[in-house]
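What follows is each chain in one-letter form.
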Amino acid sequence: MRQPTRCPMTWAAGRVGAGRPALGLGFALALGLAFGVPGAAAAQEQPILITGATILTAAEAGRIEDGAILFENGRIVAVGPASEVESPSGATVIDGTGKFVTPGIVDAHSHIAADAINEGAVSVSSMVSIHDVIDPTDIAIYREAAGGTTTSHVMHGSANPIGGNNAVIKHRWGADAQGLLLQGAPPTIKFALGENPKRAGSPSLPGQEARYPASRMGVMDVVRQAFIEASEYKAEWDTYRARVADGDRDAIPPRRNLTMDPLVEVLEGTRYVHAHSYRADEILQLMRVAEEFGFRIHVFQHVLEGYRVADEMAEHGAHASTFSDWWAYKMEAYEAIPHNAAIMTQRGVNVSINSDSGEEGRHLNQEAAKTMKWGGLSEAEALATVTINPAFQLMIDDRVGSLEAGKDADIVLWENYPLSSYARVRTTYIDGEVVFDVDADMAMRADIEAEKAELREVLGEADEDDDTRGEREPGRRPGGGR
Amino acid sequence: MMPRSGNALGNITYDRIDTMVKSVVATAAVLGTIGFALPAEADAQEGGTFAVQGATIHTVADGVIEGGTIVIRDGRIIAVGAEVDIPADAEIIDGEGKHVFPGMIDSFSSLGLTEIGAVAVTNDAGELGRWNPHLNAHTAIHPASEHIPVARANGITHSMVAPGGGGRGFGGGGSGIQGQATLVHLDGWTVEEMEIEKTAAMIIGWPTLSTGFRAFAGFGRPAGGRSFRRAQERFDEEVAEMDSWFVAAEHYRQAVASGSSRVPRNIQLEHLSRVLDRGMKVIVRANGWREIESAIEFAEKWNLDLVIAGGTGAREIAGTLAEKNIPVILGPVQRLPQGEDTAYDDPNTLPGALHEAGVEIAFATFNSSDSRTLPYEAANSVSWGLSKEAALEAVTLGPARLLGVDDRLGSLEVGKVGNLIVTDGDPLEITTEIEWVFIKGVPSDLDNKHRSLWEKYNGRPARRVTTTTT
Chain C
14 MRQPTRCPMT WAAGRVGAGR PALGLGFALA LGLAFGVPGA AAAQEQPILI
64 TGATILTAAE AGRIEDGAIL FENGRIVAVG PASEVESPSG ATVIDGTGKF
114 VTPGIVDAHS HIAADAINEG AVSVSSMVSI HDVIDPTDIA IYREAAGGTT
164 TSHVMHGSAN PIGGNNAVIK HRWGADAQGL LLQGAPPTIK FALGENPKRA
214 GSPSLPGQEA RYPASRMGVM DVVRQAFIEA SEYKAEWDTY RARVADGDRD
264 AIPPRRNLTM DPLVEVLEGT RYVHAHSYRA DEILQLMRVA EEFGFRIHVF
314 QHVLEGYRVA DEMAEHGAHA STFSDWWAYK MEAYEAIPHN AAIMTQRGVN
364 VSINSDSGEE GRHLNQEAAK TMKWGGLSEA EALATVTINP AFQLMIDDRV
414 GSLEAGKDAD IVLWENYPLS SYARVRTTYI DGEVVFDVDA DMAMRADIEA
464 EKAELREVLG EADEDDDTRG EREPGRRPGG GR
Chain W
348 MMPRSGNALG NITYDRIDTM VKSVVATAAV LGTIGFALPA EADAQEGGTF
398 AVQGATIHTV ADGVIEGGTI VIRDGRIIAV GAEVDIPADA EIIDGEGKHV
448 FPGMIDSFSS LGLTEIGAVA VTNDAGELGR WNPHLNAHTA IHPASEHIPV
498 ARANGITHSM VAPGGGGRGF GGGGSGIQGQ ATLVHLDGWT VEEMEIEKTA
548 AMIIGWPTLS TGFRAFAGFG RPAGGRSFRR AQERFDEEVA EMDSWFVAAE
598 HYRQAVASGS SRVPRNIQLE HLSRVLDRGM KVIVRANGWR EIESAIEFAE
648 KWNLDLVIAG GTGAREIAGT LAEKNIPVIL GPVQRLPQGE DTAYDDPNTL
698 PGALHEAGVE IAFATFNSSD SRTLPYEAAN SVSWGLSKEA ALEAVTLGPA
748 RLLGVDDRLG SLEVGKVGNL IVTDGDPLEI TTEIEWVFIK GVPSDLDNKH
798 RSLWEKYNGR PARRVTTTTT
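Chain order of the listed sequences is C and W. Take the first sequence: its position 385, counted from the start at 1, is 398 in the numbering used here, and no numbers get skipped. Take the second sequence: its position 226, counted from the start at 1, is 573 in the numbering used here, and no numbers get skipped.
There may be inaccurate statements among the hints.
[Stated by the list, open to error] Distance ranges between label pairs, derived from CB positions: (1) W:A809 <-> C:G214: 33 to 43 Å; (2) C:G231 <-> W:K671: 56 to 66 Å; (3) W:K735 <-> C:K465: 33 to 43 Å; (4) C:Y430 <-> W:E760: 27 to 37 Å; (5) C:S215 <-> W:P611: 40 to 50 Å; (6) W:R755 <-> C:A134: 54 to 64 Å; (7) W:A467 <-> C:T252: 46 to 56 Å; (8) C:G214 <-> W:K735: 50 to 60 Å; (9) C:G214 <-> W:D583: 37 to 47 Å.
Rather than coming from a laboratory, the hints here were simulated on the basis of the structure. A virtual CB, placed ideally from N, CA and C, is assigned to each residue, including glycine.
Here chain C stands alone, though its shape is the one from the complex (with noise of 0.2 Å):
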């Protein structure tokens, strides 16, 4: 079922932290002035040393005191007790000393870099995707960044019973919409249970029309309904499909059905469902309306009883993505516990916790952690739901989400231990390129400050009796022209 993620590095961008300041970029923008694309692709020039670190692999090898990783040409070449991984010649040595080393975390639930996240319009959006919308300007790309996030699940939101498709970015701040892009993560769609996709069902404001569904007998009935659609319009293309093999040159291919085709590769297995849900009773009725239909229930997203249903999950072999220690903001958060990654972990279900914020984004390592208070779990369990276990939930666990020689380059380098409320960042590669490093962000400032007197001048002061100053043309908006 899993499929081969390994691609080629296609992305083409600038390099961050050398020449035009990243949030220089951002701040050009929010005026609406277009700087023009940031410079050609550049691949990690030389390689890179790490050393005298404790090293967090989150792979077997665990945690390494005094360990040192060595990664070259956007790929990790070595990791292991400092004395053992050698040095070439050429190569940046960074002292680790009382530092440490983790993977970029991985997050399995996101919204940032996208222009529009909801197709509200109709229960089942599966038409749809993030990868038309991915916006490479969004700030949250780099301020996520420098919280050590390397890699996100950009979703698409919970207005309706099925969703749109996904994309899966990694934070390459600087580079354009399909550079961001993680070329070869296996394809996703977002389904949505509970009061979410119910609300259409019950407007709020005056005039507004109701929507199907009102109830979660309704979300179940129209993810049945979906299915029995996209069966029969499955058997049309088998049939024809047979028909050509067959030789039959008379045979009409079936019209083309952009709703049903991503919910025929739900269908096939090679797109895989990530399900927003709170309730138990709900979790458990979906993964028996996909068991109807043969297919996988491949994450619950969210899941916050999922501690009530975990031995049903792991039987199903659903996966849970959830959060740290949220509760009571709706109805069906009310009876979320922060021991639901622990219990779910202790259960057999794979785990992970997400942001689904652009501000907790930023300190997923410390989330991680919670689940050490709550429940118990071991450091490397804890670091691990923000790391290879959502590489593993993602399928792209060959490329990301721990420290082993072959895979991606995508390493953050921490001031202090990393599973705390103390945690800092101090620098964060991915491929190999520095995307955030402390004295580069402190450089970039006085760059700003530069760039603002000089905006200021520029707009002058014979703006300062301008009445319609704050009157943009509609439509625009900082950081427009995208």
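The hints should help you fit chain W onto chain C, whose structure is shown.
Just chain W, lined up with the frame of chain C:
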């Protein structure tokens, strides 16, 4: 099974706690009556004698005592030190390897005012209308809220519970006088048992200087925003409106003071007039430095005892705040920077910058369900310039000072109320276990909705698989 965050450490067993809890119940029942008669003693109830022996005691006020002992009797701390005589009747908690801290204070929360964010009928944090100086959070605090034991179990022992504004919940809801906040112990059968200061402060939402810029049209409004000049005019109008309420309050006070029998009672002005001449703390919710500056000017005009809450832009006028002795209750540190071009770590560096400038700071969650994360808000400033000691103080003694109750709360000193936590380490660190919480001198129940559900479902028998599914 031994719950990880349980009480069953030291030499007191669960059975013993049951007995203690029962005696506390009985004591509380009796004192409910006495407390009514003697309100001045309401925050120091009789509850027996307890000693934590041989622990590292972080007094906050007076350094750290290694191998120290702290004794609580009848609700108050009666001894702290390395050489302390333990009364014969004391219940002793073995403090070896343990740490004792003052309980933490969430300086601004909606604990007890809101239960389920999206369910309107469970929310009592905000009222309709913009001018509600006469409303008090105390009236609506729900002592049985599930949020309170959840916060308490992570070492939060007190909070200032504040009303929000504008009938739109706790989020702020624009400018206006939002009502009075209540300072409570996070334990008690009724709000009367919880309260420390029924009226801790008047909460005011300051007008915001904003163009109200919107990128897209929708909900009957066009895209775009007002000009900066119009934004300033609108701001000035709102401040003038605020001012008119204070003028009215001043006139009302003078009229009442004149002794005239012809002054009709106006409950709004009656309450608002109490803040004049520093009669009550005035906590102004303001973020931008221009708004803060405007609030300072206003407070000076009316001689108000000003505290700023929020303060994301306070760095710009830190010197003024320090010079004028105006404290800041900081909004969450785990928030996004204000502008696209704001430094990524601006929220993290702000507390240290203000502290360095000499501004009194306190951390707060401005939340209810997240109140337990208060210590992490403080910790998230430490790697960005705030010392660990200052961070700890900003969730203990700092807020006590800021709210004017540092004679009773905030540090481990003889004579103060017996509010403390016993931990296996630094309470600002995520993985630290809170093993005991003492509120008003007696051990608090650390059970809560989350622990109960965890125990219940952790104990679910493994499912017997009888059939294979497709």
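Look at the Cβ atoms of A809 (chain W) and G214 (chain C) and judge whether their distance stays inside 33 to 43 Å. Cβ of A809 (chain W) to Cβ of G214 (chain C): about 38 Å, so the range 33 to 43 Å holds.
Is it true that the C-beta distance of G231 (chain C) to K671 (chain W) lies inside 56 to 66 Å, as the hint says? Since G231 (chain C) and K671 (chain W) have Cβ atoms about 59 Å apart, the given range 56 to 66 Å holds.
Given a hinted range of 50 to 60 Å, is it respected by the beta-carbon distance of G214 (chain C) and K735 (chain W)? 51 Å, holds
Should the hint that Y430 (chain C) and E760 (chain W) are 27 to 37 Å apart at their CB atoms be regarded as holding? 33 Å, holds
Is the gap between the beta carbons of K735 (chain W) and K465 (chain C) within 33 to 43 Å? 35 Å, holds
Measuring from beta carbon to beta carbon, are A467 (chain W) and T252 (chain C) in 46 to 56 Å? The hinted range 46 to 56 Å holds for A467 (chain W) and T252 (chain C), with Cβ atoms some 53 Å apart.
Could you check the hint for me, namely that S215 (chain C) and P611 (chain W) are 40 to 50 Å apart, CB to CB? Given a distance of about 45 Å, which is inside 40 to 50 Å, the answer is holds.
Lying within 37 to 47 Å: is that true of the beta-carbon distance G214 (chain C) to D583 (chain W)? 45 Å, holds
Do R755 (chain W) and A134 (chain C) keep their Cβ atoms within the hinted range of 54 to 64 Å? 58 Å, holds
In terms of the numbered hints stated before, the structure departs from none.
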